[in-house]
Structure formats: C-alpha cells, structure tokens
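> As a plain string of letters, each chain reads:
Protein chains: 2
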Amino acid sequence: MTKEPMYYFSHHMIPCCFLAFCAITVQAAEPLPSWNDGPAKQAIIDFVETVTDENSDDFVPADQRVATFDNDGTLWSEQPMYGQAAFVMDRVKALAPQHPEWQTTQPYSAVLQGDMAAVAAGGHRALLELVMATHAGMTTDEFEAIVTQWITTARHPKTGRLYTEMVYQPMLELLDYLRSNGFKTFIVSGGGVDFMRPWTQRVYGIPPEQVVGSSVKCRFEVRDGSPVVIRLPELNFIDDKEGKPVGIQQHIGQRPTMAFGNSDGDYEMLQWTTAGDGPRFGMLIHHTDADRESAYDRESSIGKLERGLDDARAKGWVLVDMKQDWSKIFPDLKKR
Amino acid sequence: MTKEPMYYFSHHMIPCCFLAFCAITVQAAEPLPSWNDGPAKQAIIDFVETVTDENSDDFVPADQRVATFDNDGTLWSEQPMYGQAAFVMDRVKALAPQHPEWQTTQPYSAVLQGDMAAVAAGGHRALLELVMATHAGMTTDEFEAIVTQWITTARHPKTGRLYTEMVYQPMLELLDYLRSNGFKTFIVSGGGVDFMRPWTQRVYGIPPEQVVGSSVKCRFEVRDGSPVVIRLPELNFIDDKEGKPVGIQQHIGQRPTMAFGNSDGDYEMLQWTTAGDGPRFGMLIHHTDADRESAYDRESSIGKLERGLDDARAKGWVLVDMKQDWSKIFPDLKKR
Chain A
1 MTKEPMYYFS HHMIPCCFLA FCAITVQAAE PLPSWNDGPA KQAIIDFVET VTDENSDDFV
61 PADQRVATFD NDGTLWSEQP MYGQAAFVMD RVKALAPQHP EWQTTQPYSA VLQGDMAAVA
121 AGGHRALLEL VMATHAGMTT DEFEAIVTQW ITTARHPKTG RLYTEMVYQP MLELLDYLRS
181 NGFKTFIVSG GGVDFMRPWT QRVYGIPPEQ VVGSSVKCRF EVRDGSPVVI RLPELNFIDD
241 KEGKPVGIQQ HIGQRPTMAF GNSDGDYEML QWTTAGDGPR FGMLIHHTDA DRESAYDRES
301 SIGKLERGLD DARAKGWVLV DMKQDWSKIF PDLKKR
Chain B
1 MTKEPMYYFS HHMIPCCFLA FCAITVQAAE PLPSWNDGPA KQAIIDFVET VTDENSDDFV
61 PADQRVATFD NDGTLWSEQP MYGQAAFVMD RVKALAPQHP EWQTTQPYSA VLQGDMAAVA
121 AGGHRALLEL VMATHAGMTT DEFEAIVTQW ITTARHPKTG RLYTEMVYQP MLELLDYLRS
181 NGFKTFIVSG GGVDFMRPWT QRVYGIPPEQ VVGSSVKCRF EVRDGSPVVI RLPELNFIDD
241 KEGKPVGIQQ HIGQRPTMAF GNSDGDYEML QWTTAGDGPR FGMLIHHTDA DRESAYDRES
301 SIGKLERGLD DARAKGWVLV DMKQDWSKIF PDLKKR
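Chains as they are written, first to last, in the working numbering: chain A, 1 to 336; chain B, 1 to 336.
Treat the hints with care, since some could be wrong.
Treat identical chains as interchangeable: a pair holds within one or across any two.
[Stated by the list, open to error] Straight-line C-alpha distance at most 16 Å; calculated EDC-like pairs for lysine to aspartate or glutamate:
(1) Lys217 <-> Glu242
(2) Lys241 <-> Glu221
(3) Lys328 <-> Glu173
(4) Lys93 <-> Glu49
Everything labelled a hint here was simulated from the structure, so no lab data went into it.
Could you put together the complete structure from these sequences and hints?
Laid out in structure tokens, this is it:
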C-alpha cells in the first residue's frame, strides 16, 4: 500500500488555499522490455488494456483485479532443485551434529550425502516433512531470522548467484506492469509460506499477507512472560495442485482474474481462475531454454508440465516459450 | 488498492511534454469527528502522528503499518446476539421444511423456537457447528450468494436497521484515518471468514483478503466439467482467543502495529501485538452505553470483558468508554 497524503490535521484547521503544481510527464517506458514481441507479450497487454478500459464490456473494477503467481519455476528458477530444498539441506547439515542418528536414517542420510535428486523427487510434501523435522518447537520469529540469514547468503550451485538473483527479469516487469494497472499481485505456491514471506516484499514487491503457501500448524503460548507463536511438527495445509484453488479461496477470498504458473502443480489454479465469469487469463511458462536456464517439461521430476501442455490450447491458456519470448532471463547483478 | 495512473503505453512512445495541473487543497477535516476529545482519541492521534513521523525514533515504515480489528462488538454491534447467529437461525428456519427431524433435535429445535440465548451462549464454536450442519456440500459461490442476499435484507431485532447499519461510526472514521496514514486495516474475528468477506469491502473498505476469521475445510473438485470449491462439514480453524495470534501469523505474516478489540476473545491478539518490539498500540472498546447501545462486560455471555479490564492498565492498553468517548454510535441512515 502506498502512503497516501494526509488529509487530516489535528487541533487546527487549514484554511482553503489554492496551489498550482507543475508536473513533468516523463517519457513513458514500453511495458515488459525483456519480453520479445510475439503472441505471449501481446496477449498480456491486450488483456490488461481491455480489463482496465472503463468503456469496455470486459472492464474489471480495480478491487477485483487479482493476479496469482506460482513461485518455483514461475517467478524464480527451480532447477536443479527448489530453493527451499537447498534451504532444508543446509538446515539438516547445520543441525546434524546434534543428531548423530541422522547419519544412518533416511531421508537425513541422503541429505547429508548430498543426494539432491532423491530429496527433490519427493516433491513439496517430502520437503515439508523435512522442514517439520528440522524446525519443530521453534518460534515464528526464530524461523524468520533463520530464513533471512540463509536467503541473504546462500548461493545457487550452478550460477553462484544468490537465490534471490535467480528470479526472472521478465516476471519482475510483469508484476510491476500489473500493479501499475491496479492489480493486486499474490504468490500462490506449493512452497512453505514462512520460507517466502521474509523476502517477497524486497524481491518481488509482494507483501507477506499476499503470499499463500503450504504451512505447518502453529500454537500461541506465553513463555517466561513473553507471548510466542510456536511452529508445530504437524502439516496444516498443502498449497499445491487441487490445494491451490482452496488456498486461494481461504486466503484471498475471491477468484483471480489472472493466474500464472509453469507446472502441472498449477493446473487447477489456472482451471479455477479461467472458469470464472467475465474476462480471465491463464499463462504457463514453458522452460525451453537449456542454454540460458533449463529445458524441461513432461519428463521432469521437478516442475513436470504435461497436462498443461496438452490442454493449454483447448482452455485458451497462453504458453510462454522462454527461449523465444524472453530477451533476458535473469536481472543484471547489482554491484556489491 | 487504488488504481494508479498508467505509466505504460504499448506500441508507441509518448514524447516528453509538460502539463500544468491546478489543484485545490480542500479544507482539511478534523480526524475522528465522532470521537469526543479525551484520552482515548488523543492516544490514537498521538500514536499515529508518532509512527508516521520520519524524524521520530518510533517511525514505522508504511509496509509495517498493520492494524487489526475484531469485528463483533468492535466494528459492529453484537447485542442481543452476533449477526452471524441471526444469519444461522434464519438459515435453519429456511431449511427446516427439508429437515422435519430438526423439530425435536437440539440445537435445531432451540433455534426454531427462537431461543436466541441458548444459541448465543454456545459462542463462536457452537455457531460454527450450526453453520457446518446447515451448509455442508455447498459451493463457496453458492454460500457467498446466500450471505449477500441475507446481509442486504435482514434487520436487527431491536433497531430494525440492517445489520450493516449497526456498525460503529467512530470505528469507520478510525479505519479511514488509519488508511489515510498508510496503515493496512485487517479484520481478525472469531466469526466465519466467508460470512464477512462478501460485504466488508462495501461496509468497512476492507477487501476480502484482509479478513481473517474462522473457517471450515474446503475441497476442490470438477462437477459436470465445472471446477468448484466445496465447503465441507469440518472445522478448519477457530480464530478466537489464542487462535487470533495464530491466525494473524498464518494469514498476515507479520505482527500488527495496532490491535483493536472489545472482549476477552481479543486478549491474546492485544497481548501478541503489544509485546512486539518498537511502538505498539492496543485498545479495547468498553460497552458502557445502555441508552444508545448496550452496557456489558464481566457478566456477559456475549463479549465478556474481564481479563482485559483487569490488565489494561498494566499492559498499557487504552480503554474506550463508549458513553464518554463517542459522540455518535451508529452512522446516519442513508435515505432509501
């Protein structure tokens, strides 16, 4: 929320006055500069221009402009493993000295031996079970501090970039473009909600309350006179596949106008979104660029895209061909 | 979210140009006009002016300005019964012809006999069980339509007003004042989240995603080719008492700066809020006005306020004396 001007003044009244402002309308930038001209970029712009046009039959009032984004593989890279998988593995390694039994117990021994494929193949559910095993009994404040420390230091195994530098520049531009057109932007991810919230405002401009994700149950208690919220080793909600429309309904409370994903884990979110009345928009990012990022779809254990590829045309969902449609994949690195 | 100007234009560039705008600064209104001058009003204004002052040590950045409000008894009247209790009773009566067994089964027979006290005494938990019994197997879209129809027609048994006209004028002004100062305003209520969301934007200016409440579990499915979300007869979450800090953490993802309640159901929310680092604000509405609304606290089955009264001073929470502090209780009725 932007800070609005203060219309209220206490204890004294401001007399009427007339002020003349001189404003410079700066040269307007083309939207979506890292998107190549083509059907995907055109579909986004046509849709946004239509639903924001008050004279259009398909006008959508601003308070109904809701856009939901998957995170892994849609806003940032998920190969060779989910960012959260790397986090969990690092946590297991950090805690291993206190748990000698982990050397001979699965899935901990696989993690300690660096068998990333075995961990990733278990998907979000296995990851969340590992999160629970390593974080039970911790307060929400403590967990946030651990995530913040990790996300500002851990580096991608292939590129050496921070994970937050593995976000997609075209999607950052898309988030900005939609918000400039009155959309509220939400993340709806199978990943852990408390793993994302400490950094989504800074990286994506998405505040914590607009992040929907998987979660563990929590309990409020007063410890030594201080109220705390404890993370419990019990699943609360899996925000993936058929869980995504449920998470959207429970958290956002209205059906999105636009939904963006990249895998079959996003199929139901797009299905739910685009089945609504009035104008709706569904888009799938197809990872086709082995040189600049990764190329994967039907055979991949991470980010498998099969039903979405088969049904996109019939359902009117737009496919993004990363290699063709994106002139740039990752943001330029800021000088450090 | 307000609609922002469109900075982007497709397919053509706007040349630099200079435009002169002439704006009239209208006479600024005093904030909180329905609040009488006194310690409660002053505490709100002092706090807001401090946390929005960039030169103050207690400055709070806009993205951390979160204010949470209980609903029943804090934003609208809860006497002689919760609005949601009236809704449930009306639903039971509407569905009774299809359920002849309800005539002799509790709690349905009490509802059908109009024994409001027996229903209300069960609190939010009993209400939610009745909601589940009467709404199982219904889609979220169907439930929203029923709530919308009810809330625009049902009237308060004592005043004959619509329930949405039983909101507190001073609190509407407070919501506006906080939003004008960059706060995001949230409802955090023991009531059902899907009972509130269809009307909170219109009545309070609070969008559905900023409403936190109790909920039932839901399931996504495809019925006759159409995706739907079904409300299940199973409790998901009770957002009351020690549930409120948990609901805040799960949904909002950060600790509020300000919290407003009226009963001991809000105790833990204020406790959690005001125990945070930096400037925090807790306020309890004390119902002291039998003539204009109701007077109740320690002995009430609805909105019982006992721990909050006992501990407010020690915890630095501000008590609002409705009779003393509010010059007006309910909004003027719009001409219909």
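> Mind listing which of the numbered hints don't hold for this structure, in increasing order?
Result: hint 4 breaks, nothing else.
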